[in-house]
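**Q** Chains as they are written, first to last, in this note's numbering: chain A, 1 to 72; chain B, 1 to 257.
Accuracy of the hints is not assured; some may be wrong.
To be verified - Heads up, simulated DMTMM-like pairs for lysine to aspartate or glutamate below, C-alpha to C-alpha not over 25 Å straight-line:
1) B:Lys122 - A:Glu30
2) B:Lys25 - B:Asp53
3) B:Lys126 - A:Asp45
4) B:Lys23 - B:Asp40
5) B:Lys122 - A:Glu39
6) B:Lys66 - A:Asp42
7) B:Lys66 - A:Glu30
8) B:Lys66 - B:Glu29
9) B:Lys144 - B:Glu119
Source of the hints: derived by calculation from the structure; they are not laboratory data.
Treat the numbers as computed from the prediction; the structure is a model and nothing was measured.
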Amino acid sequence: MHIQVNGESRRVREEINVTGLLQDLQLNVERVAVEINLEILDRGDFDVRILEEGDRIEIMSFIGGGGGISDS
Amino acid sequence: MRDDRLTIAGREFRSRLWVGTGKYKDFIETKKAIDMSGADVVTVAVRRVNITDRNSENLLDYLDPKHYTILPNTAGCYTVEDAVRYARLARAAGVSDLVKLEVIGDERTLFPDTAGLIEAAKILIKEGFVVLPYTNDDPIVAQKLVDIGCPAVMPLAAPIGSGLGIRNPYNLKIILETVNVPVIVDAGVGTASDAALAMEYGADAVLMNTAIAGAQEPIAMAEAMKYAVEAGRLAYKAGRIPRKLYATASSPIEGML
Numbered sequence: 001m002h003i004q005v006n007g008e009s010r011r012v013r014e015e016i017n018v019t020g021l022l023q024d025l026q027l028n029v030e031r032v033a034v035e036i037n038l039e040i041l042d043r044g045d046f047d048v049r050i051l052e053e054g055d056r057i058e059i060m061s062f063i064g065g066g067g068g069i070s071d072s
Numbered sequence: 001m002r003d004d005r006l007t008i009a010g011r012e013f014r015s016r017l018w019v020g021t022g023k024y025k026d027f028i029e030t031k032k033a034i035d036m037s038g039a040d041v042v043t044v045a046v047r048r049v050n051i052t053d054r055n056s057e058n059l060l061d062y063l064d065p066k067h068y069t070i071l072p073n074t075a076g077c078y079t080v081e082d083a084v085r086y087a088r089l090a091r092a093a094g095v096s097d098l099v100k101l102e103v104i105g106d107e108r109t110l111f112p113d114t115a116g117l118i119e120a121a122k123i124l125i126k127e128g129f130v131v132l133p134y135t136n137d138d139p140i141v142a143q144k145l146v147d148i149g150c151p152a153v154m155p156l157a158a159p160i161g162s163g164l165g166i167r168n169p170y171n172l173k174i175i176l177e178t179v180n181v182p183v184i185v186d187a188g189v190g191t192a193s194d195a196a197l198a199m200e201y202g203a204d205a206v207l208m209n210t211a212i213a214g215a216q217e218p219i220a221m222a223e224a225m226k227y228a229v230e231a232g233r234l235a236y237k238a239g240r241i242p243r244k245l246y247a248t249a250s251s252p253i254e255g256m257l
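Could you build all of it, start to finish, from the sequences and the hints given here?
**A** Below is the structure:
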């Protein structure tokens, strides 16, 4: 099935949960926030939340930053 | 300076210099500059994870949240909705309930949209966030932010990244006199004297990013800022002499020929 991850279409296996997606992407579960269809997911639900066709997923983390945004 | 700790919402901070982590050449330079500055509070931004480059490193691999207070910001948010969304994402990413709340009003000045700021702060405080608001040098807005429950306020010295120093020292002094929470001067510092001056006025801390990261030698500037903030703080506590128009001799007349 297809889902959107950080704005890009991605093919994933059926019945995959959020932890599975993060593992496939080799991301450290500890330091990310996951939003599915504009709803922020509790860390404790990463294992139970099964993704569905067309889900729009945002995986966010911390980057260097001060005030405002820069183009660098 | 050991006993001169800054306390905000029950959290103690060792350093009165807080730093941003943007605009550095790489994470090694970021880490070196921060360590040189002595800062124990570092701001970070919340962004999409790079899912295409699997070797991309994470800032927090260099800045261990056990040793620094990670202060996520809502930089780049121009609406209440976006700022609230980013703050919630920051909390969900698991660092803490702290947020440096920015609701930006305009791209050229990056001045805060203070009406939006107050609205977003209300929502987040209700949700249990410790909201540290990036605000204008406006004493009325600063007081409103305190009234709704912000445990500190962060008025700007000058536009973000401008290096202009304290553009409105009198307003800053009024804020320092009127609000009964810590005041952290945020944004606009250009060089060490700007930071020292803010501390001499009685600011509780200074937050900067570009002044260090954008300097020709960021690590050397980080050291300069560390001493500037410490010197300014010590001078504030020591109490400066009043300004007078005419001279007052420092040597006695007695015993002169």
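**Q** Sort out which numbered hints this structure fails and list those numbers smallest first.
**A** Violated hint (a single one): 1; every other hint is consistent with the structure.
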